[in-house]
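Quick one: dock chain against chain with the hints and give me the complex.
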Amino acid sequence: MKQHIGRQVGVQKVDVNLIDGKVDVTPKEDGQIDPAQLLKATYDSGVSTAEMDITASGRIVSSGSDALVLQTSPSQSFTLSPNDLSKDLGSLAGTTTFVTVKGLLYKKPPGKKKSDLPTSLNLSITEVLKKE
Amino acid sequence: MNIRRLALLGLFSAMLMGPTANAQIKHIEMRVEGMT
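Going down the list, the sequences are from chains A and B.
At position 74 of the first sequence the residue is numbered 74 (the numbering used here), and the sequence of numbers has no breaks.
At position 16 of the second sequence the residue is numbered 16 (the numbering used here), and the sequence of numbers has no breaks.
Isolated chain B, as found in the complex (with noise of 0.2 angstroms):
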């Protein structure tokens, strides 16, 4: 019964974590002036 618990637990937890952990800045590009 415990580990259908763990299980359900775990599963929650990756639908709510999984989308967040792929929000992030991926890239980030600059134009600059006076660079020597």
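Same shape as in the complex, but just chain A (with noise of 0.2 angstroms):
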């Protein structure tokens, strides 16, 4: 699984846990990194994702339908969640304000052995931890 992770696009390091199955990824300096394509050669590898966490930054923006988005570059964007601190982010919306959040990307359906990959991954905020 270390080397099936260790050979995506953007991967720096990947650090791995057996005891209690937590699997650290760092991304490169550009932070180019696809967390569906983590997940997908996760599940390749035959092990089954519980939870997926991120810790991004980006600019908030209004996707038109009151959704609001976490832009973290010109060609990736996380849909947020609707939660209290997404709330609090709605007012950065279309501003320069960027914000570092870590949330919660996946968590696995309760009661299945092995599910299905995510059509899409929107992210649950969990702490913001700084705005600039």
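Derived from the structure by calculation, the hints contain no laboratory data.
There could be a bad hint or two in this list.
[Claimed, not checked] Quick list of simulated restraints, FRET-style, between CB atoms:
1. B:R4 with A:G64: 36 to 42 angstroms
2. A:Q32 with B:L6: 27 to 33 angstroms
3. A:K28 with B:G34: 49 to 55 angstroms
4. B:R4 with A:K130: 32 to 38 angstroms
5. B:L9 with A:S75: 21 to 27 angstroms
6. A:D24 with B:G34: 15 to 21 angstroms
7. A:K107 with B:N2: 54 to 60 angstroms
8. A:K107 with B:R4: 51 to 57 angstroms
9. B:N2 with A:Q3: 49 to 55 angstroms
10. B:R5 with A:T96: 21 to 27 angstroms
11. A:D30 with B:R4: 29 to 35 angstroms
12. A:T97 with B:L9: 21 to 27 angstroms
13. B:L6 with A:R7: 41 to 47 angstroms
For glycine and all other residues, C-beta sits at the position ideal for the given N, C-alpha and C.
The following block contains the structure:
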């Protein structure tokens, strides 16, 4: 699994803890890494991902249908799942303020041993680390 | 004159590109099951 993930574009380092099943992925300097590809690589290696958390920075953008989006690059963005923290960030939509947030990007549906890969990834913010 | 224009262009580019360079995924943590 470590090799599978390590081969993905944008991955600099992979640390695997066999005891608690924790996998830490450090992106390369440019941060151009695709979490969906990591989920697929993990899935392909025969292991099931229970949760995926990310720490990312970017701008808050309104997608037009009341949904907020964290834009981490011109070609990459994550729709924010509505919660109290995302509502607070709503006032920053369309501004030049950069936020660094931590959040849950994927959680395996309960009751399933091995679930299919998700078709879309929504970010549920658990912590706002920085606004600048 | 050209140097001044170039300097201004560089300054505006840095203002626009600087924040974009900061936008990125900084860390990913997964919890996996079924690992041997």
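Against the structure, the hints:
no., hint, verdict
1, B:R4 with A:G64: 36 to 42 angstroms, "holds, 41 angstroms"
2, A:Q32 with B:L6: 27 to 33 angstroms, "holds, 29 angstroms"
3, A:K28 with B:G34: 49 to 55 angstroms, "violated, 28 angstroms"
4, B:R4 with A:K130: 32 to 38 angstroms, "holds, 35 angstroms"
5, B:L9 with A:S75: 21 to 27 angstroms, "holds, 25 angstroms"
6, A:D24 with B:G34: 15 to 21 angstroms, "holds, 18 angstroms"
7, A:K107 with B:N2: 54 to 60 angstroms, "holds, 56 angstroms"
8, A:K107 with B:R4: 51 to 57 angstroms, "holds, 55 angstroms"
9, B:N2 with A:Q3: 49 to 55 angstroms, "holds, 53 angstroms"
10, B:R5 with A:T96: 21 to 27 angstroms, "holds, 24 angstroms"
11, A:D30 with B:R4: 29 to 35 angstroms, "holds, 32 angstroms"
12, A:T97 with B:L9: 21 to 27 angstroms, "holds, 25 angstroms"
13, B:L6 with A:R7: 41 to 47 angstroms, "holds, 42 angstroms"
The structure fails to meet hint 3 from the earlier list, while all remaining hints are met.
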